[in-house]
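**Student:** In the order they appear, the protein sequences are chains S and V. The first sequence begins at 1 in the working numbering and counts up one residue at a time. The second sequence begins at 1 in the working numbering and counts up one residue at a time.
If you are wondering where the hints come from, they were derived from the structure by calculation, not from laboratory data. Mixed in with the good hints, there may be bad ones.
With a straight-line cut-off of 25 Å between C-alpha atoms, the simulated DSS-like cross-links for lysine-lysine are [unchecked claim]:
1) V/K230 to V/K168
2) V/K230 to S/K101
3) V/K222 to S/K90
4) S/K97 to V/K222
5) S/K90 to V/K230
6) S/K90 to S/K101
From the derived model, a few chain S residues whose C-beta atoms are all more than 12 Å from chain V [stated by the list, open to error]:
7) M7
8) M12
9) D23
10) D49
All C-beta atoms in this analysis are idealised placements derived from N, C-alpha and C, irrespective of residue type, glycine included.
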Amino acid sequence: MPEQLEMRVFEMTGTGVCVASDDGQVVYEQIAAALRAGHAVLLSFANVDALTSAFLNAAIGQLYGEFGEDEIREGLLVSDMAQQDLVLLKRVVETAKAYFKDHDRFVAARAEVLEEDHE
Amino acid sequence: MVIALRDLHSDYAGFEQLATIANALETVVFETITIDLSGVQWIDANMCSPLGALLWRAGRNLNAIALANVPGPVETILARNGFLANYGAAHLPDNYETTIPYRRFEPRDYRDFCTYVRSYLVGKGLPVMTSALLSKLQESVFEIFGNAATHAETLLGIYSCGQFYRSKHRLRFTLTDLGIGFRRNIESRLGLVLSGEQAIDWAMNLGNTSRVGPVPGGLGLKLLREFITKNGGRLQIASDTGYWELTEGRSERSQFPCAFPGSVVNIEFNTADTSSYYLSTEIRPEDIF
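In isolation and in its complexed conformation, chain V is listed as follows (with noise of 0.2 Å):
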C-alpha cells in the first residue's frame, strides 16, 4: 500500500490530510505502508508529532512502516528531529539548535516529558525568553501533557515534537495523544452528545469540565488559552472530526471529512512576548482559601 504524502503545514489542511491518512489505514493489517514523500517540499517539523502518531499505530496493527522518496531539504528537517531515526535513517546532529525532537512518552512518563521539555527550552539554541514567560511556557506543556494522560486514556501514548522558527519569534510544540479525543470524552462521561468541533469548543470555555468525581478539573485548557491570548500565539487543536483554532485571542471551528483517531494540540508560542504573567497586586499564602 503507498500513501502519497502532500506538504504538510500547521493548519487546517495539514490536519485534514492527516485525517484522511488515518481513515486509510485505519483497517489495514498485515501489509507494507509506504508512505510516499516524493511530492513533498515542506513538512512543518512540529507536525512529525501526529504524523509520528498515525504511523505508530499502523505499525502497531502488524504493519512495516517505509518512508520512501524524501526529499534532500524535507529529510534534513526530518532527520535533525529524530524523527527518521525510527525508520532506519541516522539523526542527524541539530547544529542550529533550533529543535525539539520528535519522542513517544507513555501517560505515565510525565517525569521524563518534564525533563525532556527543559533540556530543549533551556539554555539551547532556543531565544533567550524573560523568565515569566518560560515558566508560562513549561507549565502550558505540562498541563497539555497532564491533560493528554488524564482524559485520553490512551494505551498507545502521546506523542511530541518542537520547532523554532527564529526569524519569526515563534516556537511551536505539539503533543498528540491517540486516546478517545474530545468528543467522546464528553459524551462517555457527561452523556452531552456534541459534534467534534463542538466538543473542542465546549471543552475551552471556562467552567466546563468532563469530570464528574472527586476531583475537580477543567482548568488547564483555559488557562492556555488565557495565556496565549495575551502572549499573541496560536493554538490549534484537532480531535476526532473538530478543529479548533485560537488566534489572536479569535476562535475558529471547523469540521473535518473524517476523524482523526485521538487528539493534537499545536501551540504556537510569540518568543519575542515581554509581558509579564504576575498580578498587580500580590497573593499572600492566607489568602488562598
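Chain S with its partners taken away, still in its complex shape (with noise of 0.2 Å):
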C-alpha cells in the first residue's frame, strides 16, 4: 500500500473559490507529482465552497491523461466533498475518461453536425 498523503485544495490555491482552471492547474501539478512518486493522495476539499467542471477538469480530469484508471482509482481519493459537489465531480471523471478514451469521438462529431445541416 503507498504511503499516503493528504493534500487541501483550499490551502494550494489559497482560496475556497475553485472555479477557474488555472487554480485546478496547481491542484494538478500536486497530486501528478504525488503519484508520479509512488504516493497515494487524500484530496481534501474542506472549505471550498464554490467549484466549477472547469476547476476540476483542470485538477483532476487531465489526471486520466497520464495515468491509468486503476492507478487513479488505488492512488487516489477525495474527502470534504459536499453530495452536489460529488456529483460534479464524477460527470467530470466520466467526460475525462471518455475524452481521452477516445479523441477520435470527437472529431467525428465535425461530420455529424455537417450532415445534419445538409439534410
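With the hints as a guide, bring both chains together as one complex.
**Tutor:** Here's what the structure looks like:
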C-alpha cells in the first residue's frame, strides 16, 4: 500500500472559490507529482465552497491523460466534499475518461453536425 | 455620429439590434458617438451587459460615448443598476434590491466575480430560494464566467448585469465577452467550419468540446443546459451571426444579418423552482474514480 499524502485544495489554491482552470492546474501538478513518486493522495475539499467543471477538469480530469484508471482509483481519494460536488466530480471524471479514451469521437462529431445541416 | 436605440428586450430582436449597432461602430474612431434613447420605452436591465460591452469597445477605439434623451423611467432603470454611472450620471440606490449591478471584469478577476455574485444573490431582495437552487444558480454563473475566461481569448473584458422580476419569479443574468465567439473558437481549434448558429448548437451538445490539449472540457455548457431545462428557465446565446435559445427544454436557432463581436449568454432562472437537484442514490467518494 503506498504511503498516503493528505493535500488540501484550499491550501494549494489559497481560496475556497475553486472555479478557475488555472487554480485547478496548481492542484493537478501537486497530485501528479505525488502519484508519479508512488504516493497515494487524499485530496481534501474542506472549506471549498464553490466548484466548477473547469477547475475539476484541470485539477483531476487531466490526470487521465497521464495515469491509468486503476492507478487513479488506487492512488487518489477525495474527502470533505458535499454530495452535489461529488455529483459534479463524477461527471467530470466520466467526461475525462471519454475524452482520453476516444479522441476520434470528438472529431467524428464534426462530420455529424455538418451532415445534419445538409440533410 | 448618432445612433438611435429602440426598445431593448432579451430576445432575438434585441440581440439583432445590438449586432447591427456593433457593425455600425466597427470602424469608427475619434468620433463622439451619441446613443439617442428618445425612442426607447423599455430596456431589459440585464441587456446592459451586451450594450455596455459594445460601448466600452467603441470607447476603447478612441471615441467619446454619450447617452442622450434618456426617458425618465428608462433612466431610473439604468441609474439603479449603475449603468449610467459609466456615462457621468449618478448611481441611484436600489431600494427594491432587485438589481444585480452592471459590472466589467477582466478574465482573471474570477474571485471578484464570485464575491459580486454572492453579494447580490444572497440576502438581498431576491427571493428565498431553496439551497439546492441557489447552489445550482451560482454554479451556473461561475461556469459561464469560467467558460468565457477560458475560451473567449478576450482582451476587452467580461460584462455582467442582472435583474430580478419579482412578480414573474424570474431572475435574468447576462454575461458578455468581446472575444472570438463560438464559431471562430471551434474553427481555430478544431478546423471545423460552421455557421454562427451551428457553432453554438454544436457546443451545447454533450460530448462536443473545442478542447484539444491535455485538459479535458466541454461540460460547463451542457450542465447549464440540463439545469435550465429542469429549472423551467430559459437560456439564450448570441455569438457571431448565431442566435440560440432554449425554452422549456427545446432549442431553436437563428441567424443574424451581421455578427455580434463575441458572445452573450443570458440565463433566465425560474426562482419559484422547488426541484431537488440531488441524485436519488448517494455517490460515495470511493466510487468516483
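**Student:** Next step is simple, just say for each hint if it's right about the structure.
**Tutor:** Evaluation of the provided hints:
1. V/K230 to V/K168: holds, 18 Å
2. V/K230 to S/K101: With Cα atoms ~30 Å apart, V/K230 and S/K101 exceed 25 Å; violated.
3. V/K222 to S/K90: holds, 14 Å
4. S/K97 to V/K222: Holds, at about 17 Å.
5. S/K90 to V/K230: Since the Cα atoms of S/K90 and V/K230 sit roughly 19 Å apart, the hinted pair holds (cutoff 25 Å).
6. S/K90 to S/K101: Satisfied, since the Cα-Cα distance of roughly 16 Å is no more than 25 Å.
7. M7: holds, 14 Å
8. M12: The assertion about S/M12 holds, with a minimum of 15 Å to chain V.
9. D23: violated, 9 Å
10. D49: violated, 9 Å
Taken one by one, the earlier hints fail for this structure at numbers 2, 9 and 10, listed in ascending order.
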